[in-house]
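Quick mapping for you: the protein sequence lines, in order, are chains D and V.
Using my numbering, you'd call the opening residue of the first sequence number 462 and step up by one each time.
Using my numbering, you'd call the opening residue of the second sequence number 2 and step up by one each time.
By construction, these hints were calculated from the structure, which means they are not laboratory data.
Remember, predicted model here, so these are calculated numbers, not experimental data.
Take the hints with a grain of salt, since some may be wrong.
Said to hold, decoys possible - With a straight-line Cα cutoff of 20 Å, these simulated EDC-like cross-link-like pairs (lysine to aspartate or glutamate) come out:
1. V:K215 / D:E657
2. V:K206 / D:E657
3. V:K215 / D:D729
4. V:K206 / D:E650
5. D:K776 / V:E128
6. V:K46 / V:E72
7. D:K859 / V:E128
8. D:K776 / D:E852
9. D:K776 / V:E96
Said to hold, decoys possible - Rough simulated footprint, nothing fancy, chain V against chain D, three-plus residues with beta-carbon under 8 Å:
10. 607-618
11. 646-660
12. 773-779
Glycine included, each C-beta is placed from N, C-alpha and C at the ideal position.
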Amino acid sequence: MKIHIANGRLIDPAHEIDQQADLFIANGKIVGIGSAPDGFVATRHIDATNKIVCPGLVDLAARLREPGFEYLATLESEMEAAMAGGVTSLAIPPDTDPPLDEPGLVEMLCYRAKKLNRAHVYPVGALTERLEGKRLSEMAELVDAGCVAFSQANHPITDTQVLFCALQYAATFGYRVWLQPIAPRFAREGVAHDGEVATRLGLPGIPTAAETIALFTYIELARLTGAKLHITRLSSAEGLALVRTAKAEGLDITCDVSINHLHLSDMDIGYFNAHCRLNPPLRSQRDRDALQAALAAGDIDALCSNHSPVDDDGKQVPFSEAEAGATGIELLLPLALKWGQGRQLSLLDTLRRVTINPARIIGSKAGQLNLGARADVCIFDAEGETTVSRERLRSQGKNTPFLGLNLPGKVCYTLVEGKVMYAEP
Amino acid sequence: MHNPQLNAHGELQHLLSLDGLPREILTAILDTAAPFTEVAEREVKKLPILRGKSIFNLFFENSTRTRTTFEIAAKRLSADVINLNVATSSTNKGETLLDTVDNLCAMQADMFVVRHASSGAPYLIAEHLRNTGRHDIHVVNAGDGRHAHPTQGLLDMYTIRHYKRDFSGLVVAIVGDVLHSRVARSQIAALTTLGVPEVRVIGPKTLMPTDLDKLGVRVFHDMREGLRDVDVVMMLRLQNERMNGPLLPSGQEFFKVWGLTPEKLALARPDAIVMHPGPMNRGVEIDSTVADGAQAVILPQVTFGIAVRMAVMSMLGRG
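Please construct the entire structure, taking both the sequences and the accompanying hints into account.
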């Protein structure tokens with residue numbers, strides 16, 4: 462299949478390209494930008510007039526719920542959602558059941574994903590066996606199996622000695638460790654940001670200190686061990702300040718924020734809206750404003766969906782009993798665009814946070830459109846709209862705080878390795 | 002965002018929380034309750050207001066006292082009352098909260114009186130009724146988690162108004178475990194809505210929720226300082242399980258520092274009244290001399306509680 466994407470506005474943040482240019486694809490790779498290579502005869506033309514042509518999006522956190530939670534979602538359902546969202550590369554957190562702590566499991570996941578031939582998956586292996594924080598996982602073996610980094614997902618290590626050793630061991634190989642800043646055994650019963658809203662609603666709180674205390678520890682251990690860190694899902698202005706300082710000091714630390722925390726605050730809980738039961742909790746408007754500014758300033762490297770499908774049984778219960786999480790992979794592009802518009806950023810700068818920046822954190826060559834690159838492409842209409850509704854969401858998870866909203870941008874085509882895997886109906 | 006407690010005409014549809022209810026509605030409930038206090042003194046203690054209506058007491062958390070007062074109130078209004086202790090019933094068999102509600106709706110319930118250990122559970126029920134078009138069924142929150150206990154808040158306001166006549170010049174102190182107290186949250190909402198100029202809360206830092214001052218109260222940790230010249234002292238119950246652990250070292254120490262003794266009460270205004278939502282822990286939050294003393298209005302609170310619950314149910318059930 463040889464594809465000619467004609468008349469589009471090509472945006473490739475990795476190479477600072479934003480220009481009217483055709484894209485030529487053959488054998489799954491990009492073979493021409495602007496002009497076709499000699500002898501190129503397209504078998505398919507895609508008219509991208511008035512459309513944006515950019516690298517397929519890279520998402521740093523997409524829970525596909527396999528293995529173990531197939532009642533919530535399957536690779537099939539969530540890959541369709543990724544395609545509809547223009548997302549072609551997914552980092553998979555290790556908190557499956559069993560967790561991604563064994564090379565065989567990781568190989569199976571990669572094999573299943575490859576067979577489906579949709580988005581590329583980048584498993585993040587468990588840092589410790591069963592995520593229990595006691596014994597190290599076989600990191601070198603897991604990397605051979607396909608893992609790109611190591612993480613504890615939402616299960617912080619209680620024993621600081623183990624965390625120290627895990628970081629030392631990872632640093633031996635130069636693996637990046639992704640850590641969610643949660644102080645273990647602190648605010649265990651909390652379900653919402655510890656502030657006025659939680660006090661008013663009588664919801665057990667999770668103080669900002671749960672994030673900062675963890676960050677103090679992580680940053681000090683990174684300093685001691687030389688480990689490369691990626692801080693996942695920042696939620697507070699105070700936490701952000703700590704990461705900013707550590708970066709300025711020269712530590713190799715990157716960080717991300719989720720679409721939920723970029724756009725929402727604890728005020729959105731309203732009258733106990735269980736869609737806003739998220740991990741970490743939605744914090745104050747001041748925190749949200751700080752996160753928005755930091756993503757623009759580059760202090761936060763990437764935006765992710767933190768896609769975590771939860772079924773209705775997990776949400777149609779009182780707030781504090783609700784399962785944390787929201788579907789999001791189909792909202793990554795629209796919510797990136799909404800943020801970019803709000804801050805009056807160029808599309809190039811906006812798309813950088815969901816393409817090349819997360820790709821670099823994964824250590825992948827995804828997220829760019831240079832000659833010879835894998836032809837993972839998203840074509841979208843920046844003037845179009847995405848309506849968020851249960852009917853339209855392809856993810857098996859229908860729960861998100863953004864239900865009912867019209868968001869900017871509409872994905873028209875998604876290509877993976879030069880094949881059209883999604884075309885706007 | 003619509004206020005789930007009010008219908009399209011701005012009238013009370015459900016009683017879920019006192020936070021966010023207009024002052025006029027609070028006052029209307031207190032005014033409606035006044036004549037009901039006399040019903041109890043009649044030979045026939047019954048009014049036909051809710052005759053033929055079915056009221057389900059839906060208690061997902063054990064409570065004898067609150068359930069009984071709701072039952073008495075409903076029966077005095079001639080309603081049929083069905084008590085369900087769901088804590089020991091179907092939710093343990095895998096039925097969800099909303100399944101239970103749907104089943105009871107199918108039995109032609111007119112009103113649910115709900116108690117639940119999780120904050121917001123009555124909102125979930127009210128929203129479900131709205132989404133399924135059952136606008137003729139009403140929900141009364143009889144206590145949800147740490148969030149609200151609106152009828153308790155209302156009976157407290159009724160008591161204060163009975164003894165003090167007017168809210169506008171009062172200094173009111175709430176003492177004890179505010180962190181876990183749905184009663185305190187409802188009291189704070191009602192007192193600030195009804196125009197009490199100074200609401201104080203007193204207790205150790207471990208029992209004070211974050212940003213409490215943003216609810217319109219002054220926070221004190223020193224009992225003597227906080228009680229000075231108050232008109233009303235509202236004691237909170239300290240749950241046994243909170244007494245020894247990370248929040249407090251012991252009930253004895255709590256009593257020593259924050260227990261209401263005659264000596265501490267002497268710092269309040271001489272005509273100050275002492276209230277308690279019950280059941281009391283004598284010797285932990287309150288000294289027996291005070292609990293049984295002339296300033297205590299704890300038993301009248303219970304009596305007014307029935308009238309206030311009659312008022313709420315009659316206002317909802319009439320519609």
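How the hints compare with the structure:
At most 20 Å may separate the alpha-carbon atoms for a hinted pair to count; K215 of chain V and E657 of chain D meet this at roughly 7 Å. Restraint check for K206 of chain V and E657 of chain D: satisfied, since their Cα atoms lie roughly 16 Å apart, inside the 20 Å limit. The hinted pair formed by K215 of chain V and D729 of chain D meets the criterion: a straight-line CA distance of about 18 Å does not exceed 20 Å. Taking the CA atoms of K206 of chain V and E650 of chain D, the gap is near 18 Å; set against the 20 Å cutoff, the hint holds.
A threshold of 20 Å between alpha carbons decides the hint, and for K776 of chain D with E128 of chain V the separation of about 13 Å falls inside it, so the pair holds. With a C-alpha separation of about 13 Å, the suggested pairing of K46 of chain V with E72 of chain V holds against the 20 Å cut-off. The hinted pair formed by K859 of chain D and E128 of chain V meets the criterion: a straight-line CA distance of about 18 Å does not exceed 20 Å. In summary, the hint linking K776 of chain D to E852 of chain D is supported, as the alpha carbons are separated by about 17 Å, within the 20 Å threshold.
Distance hint between K776 of chain D and E96 of chain V is fulfilled; the C-alpha atoms sit about 15 Å from each other, no more than 20 Å. Closer than 8 Å: that is the beta-carbon criterion, and the region 607-618 of chain D has 0 residues meeting it against chain V, so the requirement of 3 is violated. Only when three residues or more bring their CB closer than 8 Å to a CB of chain V does the claim for the region 646-660 of chain D stand; here the count is 5, and the claim holds. Proximity of the region 773-779 of chain D to chain V, defined as three or more residues with a beta carbon under 8 Å from a beta carbon of that chain, is established by the 4 residues found.
The structure fails hint 10 only (numbered hints given earlier).
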